[in-house]
Each structure stands twice: as structure tokens, then as C-alpha cells.
Amino acid sequence: MNDETLFGRVSRFIGTLRHCQHLGIRALSATENELVVELPYSDAIVGNPETGVIHGGAITTLMDTASGTVVICALPEFELCPTLDLRVDYMRAAEPGYPVYARARAYRVTNNIVFTRCETFQEDPEQTIAHCVGTFMRIGPEATPKAYRDLITGGDDE
Amino acid sequence: MSLSGEMRSALQAGDYQALIRAVPYARTLGMECETFGEEVVFRLPRSDDNLGNPILPAIHGGVIGGFLEMSAMISLMMSQETPRLPRIVDFSLDYLRAGLDRDTFCECHLTRQGNRVANVIVTAWQQSRRKPIATARAHFIMD
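These protein sequence lines map, in sequence, to chains R and H.
According to our numbering, the first sequence is numbered sequentially starting from 1.
According to our numbering, the second sequence is numbered sequentially starting from 1001.
Certain hints may be false.
[Stated by the list, open to error] Here are the simulated distance ranges between beta carbons:
{"id": "1", "chain 1": "H", "residue 1": "Asp1103", "chain 2": "R", "residue 2": "Tyr148", "range": "20 to 30 Å"}
{"id": "2", "chain 1": "R", "residue 1": "Asn111", "chain 2": "H", "residue 2": "Ala1098", "range": "17 to 27 Å"}
{"id": "3", "chain 1": "R", "residue 1": "Gly140", "chain 2": "H", "residue 2": "Gly1037", "range": "39 to 49 Å"}
{"id": "4", "chain 1": "H", "residue 1": "Gln1113", "chain 2": "R", "residue 2": "Gly154", "range": "48 to 58 Å"}
{"id": "5", "chain 1": "R", "residue 1": "Glu77", "chain 2": "H", "residue 2": "Ala1018", "range": "46 to 56 Å"}
If you're looking for bench data, these hints aren't it; they were derived computationally from the structure.
Quick reminder that beta carbons are idealized off the backbone N, C-alpha and C, glycines included.
Isolated chain H (complex conformation) (with noise of 0.2 Å):
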């Protein structure tokens, strides 16, 4: 198993905000999270760099998908007893509504961990929690 040391001290920390800064990718998203009690709130700050379509405007979809992707993987690695680098073996997206260009929120749910699987779901919402704008469903290899 390949993890940086940087990776490996912020989960036996424990530490979410620790882990998104070793990604490289969820720097370049600028995604942040927040802990309250046990419960754990990513964040996506709003960025002119994460738009797409310029009409709207929107967040580019893509971008939605890569925080998810990100925010599953990483509420995953946290959710191990000991570190592990989980590997996305599929995911799947459905766009509820548009992604405006303001701050996107999402949790996770493990919905099924195996000893070499697990399955998380994704909702990401912007104004309202009741209004959702994407739900994910991931599949990881753990190794």
C-alpha cells in the first residue's frame, strides 16, 4: 500500500482537514470539511475555477462529481481501524438540479463495508438539505 506520510499521520489523527490538504486534487477543488460531533460536512467553496456552463452559472458537473468521489473516499479511509487506501472501482451520478455558483455541501454514508469492498453513498445539497442537487453511489476495492 501506497499512502504519503502526510496521509498516513492525519488519519491516525483522526484528522479530515489534515487529509483533504495531502490530495493534491481536492486542494485544486479547494474542498474543506467540517466535524460536528460525529458527524462530518464537506464542503466545496464556491471558486470562478469550478464553473462550467457560464449561462447560469454553474458548477461544472464534473466538479460535483470529483467532490463526491473525494469526500466518499475520504470518509471512507476514515472509517478504518487501521489506514488503507481504498481504489474507486465505479460511481454513479445522478444530477438532481443545478449546481449553482455558491458553496455545495455533502455527507456520506458506508452503506456496506466487506473485508474487500465497501459501498458509500453520496448526497451533496447547496441551500437546503431537503433539496438535493446530486446523490453518488461509490463502489471501493479496500487494499
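Just chain R, with the same shape it has in the complex (with noise of 0.2 Å):
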């Protein structure tokens, strides 16, 4: 698949999920096995009203996303992939009022398993706000109904 098609599949997915909606996540790029997805600042998302720096929870939300789209871009087919587990370590506070950036790669890919790494950074990609490692696990194409496969795909030609 070209980076176009995978970027079409990532958006469109990430389109369908609600909750990234309400909080505006977004895909930037997507290539093969790494993504990148944005997380705008807004005030929905603070954990304390005194600094204004975002929840922990928002940042794991951004990480989970990514993680679990990064998915498409390491399988042949289009399969949801359910979490298995996520292991965040927060490193630093994400400074207030700018958008918080994931990079998901997939490292390893099984016939059961998807194993997943992704940071989350703001301007410097060397500052990592927090680090998570996933794993996901794979139910076959098959279990997703051919309308959703349809409407990810979008037609395009694999």
C-alpha cells in the first residue's frame, strides 16, 4: 500500500471514532508501520485549572489511538485489532495551550499479536512528554463486518 492509500485508511478510521471527534485527534501522516496523530490543546482535556496542564487520561486516549491504528499500517487487510494492554510512562507535563503529537510504530506483528511502541512529544520530538508500549490482538478481517472494511478502504485498491 503507498502512503496516500494508508493516510486515506488512517484518517477514515480515526473519522469513525467518536471520542477522538470530541476531542479533535487527527492523523498528520501515515507510512508504512508509523504513524503520527495530533491531540489539539483545548480545555476539555486540563487536569488541573491552576496550570492548565492536560490530563494524564487525554494523553493515554492520544497514545491508545495511535497505537491502535498503527495497526493498518502493519497488516495486509484492514482487521480491528481489540487492546490487549498499554504500559504508559508519563515523562514529563505536557506544557499548556500547544497540541501534544504521538508517533506509533508496530514492531512486531504475529499471527495473534500486534506489538506496539509509541512517544508523544510537542515541539521538540527529542522532549518525550510519555512513552507506551501496547499489544493487540488480532480476530481476523473476518470479524469486522464487510460494510466498515468497505467504508475504511474506501474503494481504494489495496
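Join the two chains into one complex using the hints; note that each chain is given alone, in its own frame.
See the structure below:
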């Protein structure tokens, strides 16, 4: 799949996730095995009203989204893969007023499991806000209704 | 330590619902809290805005994570003798069953509290406590 096809698929997929629309989460780029997703700053995700710092839960949502969606970049065919677990380390607070980016990679794909890694950062990609490893279960493309698969692939050429 | 006046007075009054109302992200999720004597159960009422997978439909995994993390933090703050703001260090989340489009509940256990670090375990369920949908473990630094 070329990058344009992948980007179309991941964008349509994230577009179907209601909570992502609610927070304004969107894909910025997609290549084979790598995806970058953005979480815009908003008052709705603030954890500490005194400082305006984003709550860790919103960062977890960003990383779950990026890790769950990079699975699309790593598999030959679109299939929904439920999250088995996520393990998140928070390195530093995100600076209020600026978007947070998540870069996710699928670093190992087996018949049953997709293993992912994800980092979040703001302006400087070297200044990691949080780091996450995840595992996703493969349940096969047949487990996802054809109408939904068609919606995500959007009639592209595979 | 930077705690808003609203958070500080909710902590001093031991008012869980007021503490939740003081945190914008908790209001965004729509979470609530019920106390039964000394037992505390957090509740995440079903909401279209919290959905992820539209096929089942199911709650976004990140929302479940955020709900558990927020609950852990609130119960930890409430367990302190003086108002303190915990900072999360790490969070480990196991998804056991799909979180369907219905109310979700969770309860927290403060496993260990040292001078600077606290460990909290959270269990979430929907229809039955005996069928947890997720469990989480978190470490916090106490400022």
C-alpha cells in the first residue's frame, strides 16, 4: 500500500471513532509501520485548572488511538484489533496551550498479536512527554463487518 | 503545589463530587462518584461522545484508561490528611472485555503509600463486579 492509501485509511478510521472527533484527534502522516497523530490543546482535557496542564488520561487516549491505528499500517488487510494492554510512562507534563503529537510504530506482527510502541512530544520530538507500549489481538478481517471494512478502505486499490 | 481553590475546598470537605466537578477533563468524560459509607464507587455514565469502535459499539479504550486514571488520582487525593497533588509516573492497563455502550463503574485500592510514591490498583466493570472489563495499576509521586 502506498502512503497516500494508508493515510486515507487511517484518517477514515479515526474519523469513525466518536471520542476522537470529540477531542479533535486526527492523523497527520502515515507510512508503512509508522503513524503520527495530533491531539489539539483544549480546555476540555485539562487536568489541573490552576496550571492548565493536560490530564494524563487524554494523553493515554491519544496513545491508545495512535497505537491501535498504526496496526492498520502494519497489516496487509484492514482488521480491527482490540487492545490487550497498554503500559504508559509519563516523563514530563505537556506544556499548556500547544498540541501534543504521538508517533506510533508496530514493531512486531505475529499471527495473533501486534506489538506497538508510541511516544508523545510537542515542538521538540526529543523531549518525550510520555512513552507507551501496547499489545493488540488479531481476530481476523472476517470479524469486522464488510460494510465497515469497505468504509475504511474507501474502495482504494488495497 | 498548585491546587485550585475549588479543588482544595472539595478535598477539605471530603466531597468527591465537588472534586470531580473541579477537574475539566473529569467533566468532559462525564464521570460521577457514589459513596456507600467508606466505600467509594466511581461511575462513567454511557455517552455517545465516549465511544470508539462504532461496530459493537464500544467505549474508546482511551476513555476507559482516562476514567481509571482519574479515579485513581481522586481516591488517592482523598486519602491524604492534607491536600496534596499526585503526579502520575506510570500507568498499566489490561483490557479484559469490551467496554460496551453502557454505564461503567470502578473502584480503587491504595496498595501502598510511601513518603513520596503511592501505588493504586483500579478495577472496572459494567454489568457485574465479577466480570471486570479492565484492571489498571498506577504509580504516583506525591508533591
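Right, here's what the structure says about each hint:
1. Between H:Asp1103 and R:Tyr148 the Cβ separation comes to about 25 Å, which falls inside the hinted range of 20 to 30 Å.
2. The hinted window of 17 to 27 Å between R:Asn111 and H:Ala1098 holds, with their beta carbons roughly 22 Å apart.
3. For R:Gly140 paired with H:Gly1037, a C-beta distance near 47 Å keeps the hint of 39 to 49 Å intact.
4. Look at H:Gln1113 against R:Gly154: about 51 Å separates their beta carbons, and that is inside 48 to 58 Å.
5. Checking the proposed 46 to 56 Å range against R:Glu77 and H:Ala1018 shows it holds: the Cβ atoms sit about 50 Å from each other.
Hint compliance for this structure: every hint is met.
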